[in-house]
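Asker: Chain order of the listed sequences is A and B. When the letters of the first sequence are read in order and numbered with my numbering, they come out as residues -12 to 213. When the letters of the second sequence are read in order and numbered with my numbering, they come out as residues -12 to 213.
In case anyone wonders, no lab produced these hints; they're calculated from the structure. For glycine and all other residues, C-beta sits at the position ideal for the given N, C-alpha and C. Heads up, some of the hints might be wrong.
What the simulated footprint calls covered on chain B by chain A, stretch by stretch (three residues with Cβ under 8 angstroms from a Cβ of chain A suffice, anywhere in the stretch; the number is not a length) [unchecked claim]: (1) 131 to 141; (2) 178 to 190; (3) 206 to 213.
2 protein chains.
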Amino acid sequence: MIQLTETLLNPEVTRRGLLITGGRPPSPPLIDQARQCCHFTLCADSGAACLFRMGIFPDLIIGDMDSLAPDIYAELQKSHCQTVVLPTEKDYTDTQVALEWLFDHDYEEVVLLGGTGSRWDHSAGNGFLLTGFGRRNKPIVMWDAVNAMRYISPGHYRVPASDHRLSLVPTDDAGIGLSLSGLYYPLEGADVPFGQSLLISNEFSEPYASIELMRGDAWLFVSRDA
Amino acid sequence: MIQLTETLLNPEVTRRGLLITGGRPPSPPLIDQARQCCHFTLCADSGAACLFRMGIFPDLIIGDMDSLAPDIYAELQKSHCQTVVLPTEKDYTDTQVALEWLFDHDYEEVVLLGGTGSRWDHSAGNGFLLTGFGRRNKPIVMWDAVNAMRYISPGHYRVPASDHRLSLVPTDDAGIGLSLSGLYYPLEGADVPFGQSLLISNEFSEPYASIELMRGDAWLFVSRDA
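The following block holds chain A by itself, in its conformation from the complex:
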């Protein structure tokens, strides 16, 4: 059984990387929280700006640097912060390259900040990166002020109760098979087709929610209203 914390992290991970990417900038308290449970901080391009405003240099910046303000870039070049400059016209987004870098360097789990915002194309693209990497056993947890989200494949997961809502969205075209307990709406050996909204906004009824995913894969969310 995989125990997850309230923020959907796997507490057994000993090397966890933090990736801050462009999008709606994460708040300083959220950045602080993420840095406390991560062992390396990587920024994808403009994701660095919110760190600089806090007076913090990341361990590494990866990107084409086209969305980084010139004064920040100048400050960066004076610092000892490591940079990997990518060509502006490339096949993958800075975020995807940065995620590959972290997993190539043996980080077992990644916390992703800044991946969502008002641009759905970016948010959706980042959501599917979680699935794409997840299917290669490279777990990513995406956080913002009101949500934590991670990809899950068949297995047994335990999530501690909180005042957040728990939701599951099937990402496998063939749907999912699952059991849910410890929640106000439990399920026993249910089949949920792809493209239905059956598993949204469940509530905790016991100290732990238990999710047994028998078939397919899904996004797991804990979210609260802002």
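Once you've looked at the hints, dock chain B against the given chain A.
Answerer: Relative to the frame of chain A, chain B by itself:
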């Protein structure tokens, strides 16, 4: 070839339904724009609140009415607005039931407002409803202040140029095969795997973008920065 307008509507549709659901309330100008191109207005539960504030009654409200303010509900009962009250504990969300209602009543395309917001579980669930309904030939276009999004299956689509970015996100587990032209980053017979961010934020370079999707399915976005 399917011609789409700048807002991703199919102009050949003669019966188009508008669905306003809970989530971040759409602005009055966006509601006005949607009502002008739709022939019926349905609200899912709390989606009605933003219409009431504009002094407008929808043609129909569907929902468990648990998130509708009591004073609005009282006003509603005095009006001639048709209502379908669903049980609070049910297998599908109000949004999904409302979408089924519109397609069952021969609306050929649906504009969905209010489907996104800070709660990712809701936004993602609504995104996958577009895919689930789309795979049954029931087209839905989701709008907010900065994005329009629709599901596409194999076929040829033409989107008029604008100052928006055009993005595609593969939703088929097996990835997609496509050609793109009229865009700054064209593609010819390319295969794009699922879970990659290769097709995000393209720019128009000609009066029309042409998308030929040979294999798989995807979300098509036109988005601009807020």
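Asker: Please name the hints from earlier in the document that this structure breaks, with their numbers sorted from lowest to highest.
Answerer: none
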